[in-house]
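Q: Here's the letter readout for the chains.
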Amino acid sequence: MDTLAKLQILSGAARYDASCASSGSKREGPSSGTGNTSSSGICHSWADDGRCISLLKILLSNDCIYDCAYCVNRSTNPVERASFTAREVIDLTLDFYRRNYIEGLFLSSAVMQSPDQTMERMVRVAEALRTEEQFGGYIHMKIIPGCSSDLVRKAGLYADRISVNIELPSQASLQRLAPQKHKHAILEPMALIGREIATSLVERKASCRAPRFAPAGQSTQMIIGASPENDFQILRLSQGLYKKMNLKRVYYSAYVPVIADNRLPVLAAPPLLREHRLYQADWLLRFYGFSAEEILSDDAPHLDESFDPKTAWALRHPEFFPVEINGADYATLLRVPGIGVLSAKRIVAARRFSRITPDGLKKIGVVIKRAKYFITCSGRSFEKPDQPPALIRQRLLLGESSEAPMSILPKQLVLPGLIA
Amino acid sequence: MNRYLYDGTADGLLSSIAWILEEEPDPEKVTLAKRMDTLFEEGFTIGTDATLAESLFFRLKQHAPDAAHTLYSFMLAEKEGMETSLLHYVSLAFKHGDKVKGYLTHPAVRDIVNVAQKAGRELHRMKGLLRFEKLQDGAYLAKMEPDYNIIHPLADHFSRRLRAQHWFLYDVKRRMAARWNNGTLQFGTIEQFTTPALSEDEKKVQALWQAFFKTIAIPDRKNPRLQKSNMPMKYWKYLVEKQGE
Numbered sequence: 053m054d055t056l057a058k059l060q061i062l063s064g065a066a067r068y069d070a071s072c073a074s075s076g077s078k079r080e081g082p083s084s085g086t087g088n089t090s091s092s093g094i095c096h097s098w099a100d101d102g103r104c105i106s107l108l109k110i111l112l113s114n115d116c117i118y119d120c121a122y123c124v125n126r127s128t129n130p131v132e133r134a135s136f137t138a139r140e141v142i143d144l145t146l147d148f149y150r151r152n153y154i155e156g157l158f159l160s161s162a163v164m165q166s167p168d169q170t171m172e173r174m175v176r177v178a179e180a181l182r183t184e185e186q187f188g189g190y191i192h193m194k195i196i197p198g199c200s201s202d203l204v205r206k207a208g209l210y211a212d213r214i215s216v217n218i219e220l221p222s223q224a225s226l227q228r229l230a231p232q233k234h235k236h237a238i239l240e241p242m243a244l245i246g247r248e249i250a251t252s253l254v255e256r257k258a259s260c261r262a263p264r265f266a267p268a269g270q271s272t273q274m275i276i277g278a279s280p281e282n283d284f285q286i287l288r289l290s291q292g293l294y295k296k297m298n299l300k301r302v303y304y305s306a307y308v309p310v311i312a313d314n315r316l317p318v319l320a321a322p323p324l325l326r327e328h329r330l331y332q333a334d335w336l337l338r339f340y341g342f343s344a345e346e347i348l349s350d351d352a353p354h355l356d357e358s359f360d361p362k363t364a365w366a367l368r369h370p371e372f373f374p375v376e377i378n379g380a381d382y383a384t385l386l387r388v389p390g391i392g393v394l395s396a397k398r399i400v401a402a403r404r405f406s407r408i409t410p411d412g413l414k415k416i417g418v419v420i421k422r423a424k425y426f427i428t429c430s431g432r433s434f435e436k437p438d439q440p441p442a443l444i445r446q447r448l449l450l451g452e453s454s455e456a457p458m459s460i461l462p463k464q465l466v467l468p469g470l471i472a
Numbered sequence: 005m006n007r008y009l010y011d012g013t014a015d016g017l018l019s020s021i022a023w024i025l026e027e028e029p030d031p032e033k034v035t036l037a038k039r040m041d042t043l044f045e046e047g048f049t050i051g052t053d054a055t056l057a058e059s060l061f062f063r064l065k066q067h068a069p070d071a072a073h074t075l076y077s078f079m080l081a082e083k084e085g086m087e088t089s090l091l092h093y094v095s096l097a098f099k100h101g102d103k104v105k106g107y108l109t110h111p112a113v114r115d116i117v118n119v120a121q122k123a124g125r126e127l128h129r130m131k132g133l134l135r136f137e138k139l140q141d142g143a144y145l146a147k148m149e150p151d152y153n154i155i156h157p158l159a160d161h162f163s164r165r166l167r168a169q170h171w172f173l174y175d176v177k178r179r180m181a182a183r184w185n186n187g188t189l190q191f192g193t194i195e196q197f198t199t200p201a202l203s204e205d206e207k208k209v210q211a212l213w214q215a216f217f218k219t220i221a222i223p224d225r226k227n228p229r230l231q232k233s234n235m236p237m238k239y240w241k242y243l244v245e246k247q248g249e
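If you read the protein sequences in the order shown, they are chains A and B.
Offset between the first sequence (1-based) and my numbering: plus 52.
Offset between the second sequence (1-based) and my numbering: plus 4.
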């Protein structure tokens with residue numbers, strides 16, 4: 053099989069992995085070699101599904117011994133199988149990188165003979181890229197659950213980011229849909245990576261020549277909608293991963309039915325709106341100072357479909373509002389629906405020079421379409437004060453009715469700091 | 005209210021700003037415009053002094069590095085008719101330091117920051133969207149038609165990234181080129197551009213990239229609107245993956 057045919061099979065098999073970030077690492081790269089990394093990350097193209105392409109995202113092989121129900125590469129699925137040689141992956145990466153198609157390589161794999169054998173082959177590719185080819189670009193490597201901790205450590209020394217996929221949000225679902233995968237085989241390497249990253253950071257403070265360990269941190273991914281967990285369970289899991297394991301990102305991937313299986317739900321379409329709401333809630337956890345318990349509860353365990361999670365929170369907490377634009381601190385401003393990280397920072401910065409008027413608020417680029425129900429400007433309201441939440445709810449729905457619920461999806465979430 | 009004129013060059017603009025800041029007690033009260041040499045033009049013309057221009061930028065960089073970066077990005081945009089805003093912005097930057105970029109309620113600050121942001125955004129975008137083609141002699145060539153004059157910072161970026169390669173950037177609209185070879189970066193203009201022959205394996209690598217681009221999209225999630233909003237069609241002309249669409 054030629055490289056082109058393999059590339060089609062092995063990129064097609066890798067596309068369900070949502071992670072594409074190339075940020076978080078700043079590497080100068082060897083002086084005689086090719087490539088460096090940019091801490092804000094660079095997108096090189098956008099695919100027909102609108103998702104950014106920054107890395108050559110491929111599997112080393114799709115020849116899997118596992119039989120996970122949701123996975124296109126499961127051993128009982130009659131798809132064409134292929135495996136790259138290390139040379140092929142290295143040449144593709146360098147040929148693409150030299151033409152500025154990509155920021156680097158994202159390498160994952162099906163489990164070929166065993167986790168150790170697979171992981172070893174993957175590590176060898178990264179090692180050759182870094183040492184023989186002097187490649188200084190970005191490398192994201194998947195860790196195969198169940199491989200030895202030595203291989204995890206080696207992967208972290210060559211890669212910028214490493215990740216272990218949690219796949220499904222609970223042990224029960226894992227057992228049902230991915231019987232060969234075990235919770236402890238996933239969580240153990242995650243904890244190990246977390247410890248190694250922390251140690252490396254301490255060592256690098258003492259000496260800049262100490263080796264870096266996964267400088268862009270670790271991430272994970274879970275599939276949404278293939279198993280019965282509610283949003284509250286998922287969000288609490290993410291919160292735990294951010295707090296206890298120090299993860300940089302949790303990716304949510306709407307379940308796309310690839311093969312029929314009676315253990316899987318039958319969906320008309322991938323749950324894209326749910327995925328979008330989870331990402332919004334995830335942003336609230338990481339950048340807005342919210343906790344999972346504020347966003348959802350056991351009584352209301354699902355994210356609202358009509359409102360983003362912050363607006364939904366605001367409608368449940370009328371006592372928190374109105375927020376005074378000229379007085380509230382940054383953390384309080386962040387809780388106002390429609391005011392994001394950028395707007396809150398702009399408000400705080402502009403207040404240093406003069407009080408902000410309603411007109412000035414618009415001028416500095418704050419969109420008040422949703423915010424106007426929740427703020428005052430030097431004591432003045434934009435809307436009739438003290439409207440009952442039910443009325444605000446209705447007016448927000450009407451105000452947003454010009455866009456259908458799905459058309460909010462095209463707004464891709466952008467990391468604060470990416471665009472200053 | 006005093007009105008000043010300059011010769012329309014970048015050096016002229018910066019040196020007249022330096023001059024006004026030095027001589028005028030309240031620079032925010034005066035205006036600055038490009039000299040048109042029309043009959044009824046009023047105003048005092050300030051001569052161009054490249055060293056004065058350079059020293060202004062250097063002092064601003066010391067005093068307010070962020071504001072100097074904004075000034076740099078603004079200059080990439082080659083905008084005319086905003087000289088007075090720029091004068092006021094620089095004056096405010098010396099007064100308030102880097103905090104000035106938060107003073108968005110001030111019209112001059114807002115105008116300058118907005119334009120600088122657009123130029124900066126295109127620069128960031130082109131770092132990703134630029135495409136090199138391998139030529140017969142082993143060098144690489146990338147053509148582009150950016151809205152702003154970003155070839156200098158873009159070439160800087162690639163001189164750190166593709167260090168071991170011999171490459172050219174060519175701004176088709178402005179006829180400007182950058183060349184990196186053996187650790188030195190040069191800039192120049194090209195009067196007559198002829199596209200050199202491609203290397204033999206170039207079409208093969210492009211076909212691989214086109215195949216990857218197609219298969220990496222999830223068919224069930226097709227979303228051309230999102231694709232276009234992230235990657236405006238004006239950039240497609242030189243994108244290998246968008247040829248033949």
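Quick caveat, the hints were computed from the structure, so don't treat them as lab data.
Any given hint could turn out to be false.
What the hints assert, rightly or not - Think about it this way: if two alpha-carbon atoms lie no more than 25 Å apart in a straight line, the pair counts; the simulated SDA-like pairs of lysine to any residue are:
#: 1; chain 1: A; residue 1: Lys397; chain 2: B; residue 2: Tyr76
#: 2; chain 1: B; residue 1: Lys241; chain 2: A; residue 2: Asp147
#: 3; chain 1: B; residue 1: Lys246; chain 2: A; residue 2: Asp100
#: 4; chain 1: A; residue 1: Lys397; chain 2: B; residue 2: Lys65
#: 5; chain 1: B; residue 1: Lys218; chain 2: A; residue 2: Val131
#: 6; chain 1: B; residue 1: Lys83; chain 2: B; residue 2: Thr52
Q: Next, verify each hint and record whether it holds.
A: Hints, verified against the model:
1. A:Lys397 <-> B:Tyr76: 23 Å, holds
2. B:Lys241 <-> A:Asp147: With a Cα-Cα distance of about 21 Å, the restraint between Lys241 (chain B) and Asp147 (chain A) holds, given a limit of 25 Å.
3. B:Lys246 <-> A:Asp100: 11 Å, holds
4. A:Lys397 <-> B:Lys65: Answer holds: Lys397 (chain A) to Lys65 (chain B) is near 23 Å, not above 25 Å.
5. B:Lys218 <-> A:Val131: 18 Å, holds
6. B:Lys83 <-> B:Thr52: 18 Å, holds
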